[in-house]
Amino acid sequence: MRFTLSLSLSLFILGGCAANHTGVTPSQNSSLSAVSPNTASASKGGIMQRSLDEWLKEEWNPMMASEPTEKTKTNTDGTVVTTKTEPTTMTVSTKTADGQVVQKTANATQITTTTQTPDGKVTTTTEVVPLSEDNEPFTLQKYVDKWNDYLAKKEKMNEGKPKEPSHVEMMSQLPVIGK
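Take 201 as the starting number for the sequence shown in the working numbering and just add one per residue.
Simulated from the structure, these hints should not be mistaken for laboratory data. Certain hints may be false.
Claimed, not checked - Straight-line distance between alpha carbons at most 25 Å, and here's what the computed DMTMM-like set of lysine to aspartate or glutamate pairs gives: (1) K353 / D298; (2) K257 / E327; (3) K354 / E364; (4) K284 / D298; (5) K271 / D319; (6) K304 / E327; (7) K284 / D253; (8) K295 / E327; (9) K273 / D253.
Input sequences plus hints: build the corresponding full structure.
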């Protein structure tokens with residue numbers, strides 16, 4: 201008697217929880233949404249995406265901007281850091297294989313960082329960062345040449361050193377379990 205009473209009571213409770221009387225899917229159930237809203241669609245990606253977005257906003261966009269930008273940040277210790285970026289040009293000197301010096305004007309970004317401590321000390325640093333101008337078309341031959349240069353340099357670096365064992369050799373040296 202006690203067993204049948206507990207069995208019928210548990211079936212009644214579990215049956216009432218599992219029944220969907222309204223015929224509404226869980227995403228359309230307003231009672232469920234009030235208790236546990238679905239915020240997955242409103243989330244802004246994972247940590248790598250947030251990190252990339254932050255880097256683009258704080259470093260890449262100001263550096264690539266065609267007009268000056270200024271950003272002020274106050275740290276928790278009271279230090280005020282002002283970063284100003286502006287486009288500029290710079291002269292780059294390169295030496296050719298035959299010994300001639302060639303000067304070329306390149307686009308660059310001038311980054312001026314001013315730091316003011318709470319006691320009034322002001323520090324200013326200026327840095328000019330050249331922008332890369334890779335206007336050459338994409339070719340696989342560039343990467344093949346780089347790979348060959350890397351292999352040649354790697355062979356020269358490892359000359360006279362003992363050979364590193366391959367993974368296959370390392371696996372064959374492991375003791376076999378079960379034999």
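Hints versus structure:
{"no.": "1", "hint": "K353 / D298", "result": "23 Å, holds"}
{"no.": "2", "hint": "K257 / E327", "result": "19 Å, holds"}
{"no.": "3", "hint": "K354 / E364", "result": "12 Å, holds"}
{"no.": "4", "hint": "K284 / D298", "result": "40 Å, violated"}
{"no.": "5", "hint": "K271 / D319", "result": "21 Å, holds"}
{"no.": "6", "hint": "K304 / E327", "result": "19 Å, holds"}
{"no.": "7", "hint": "K284 / D253", "result": "20 Å, holds"}
{"no.": "8", "hint": "K295 / E327", "result": "23 Å, holds"}
{"no.": "9", "hint": "K273 / D253", "result": "18 Å, holds"}
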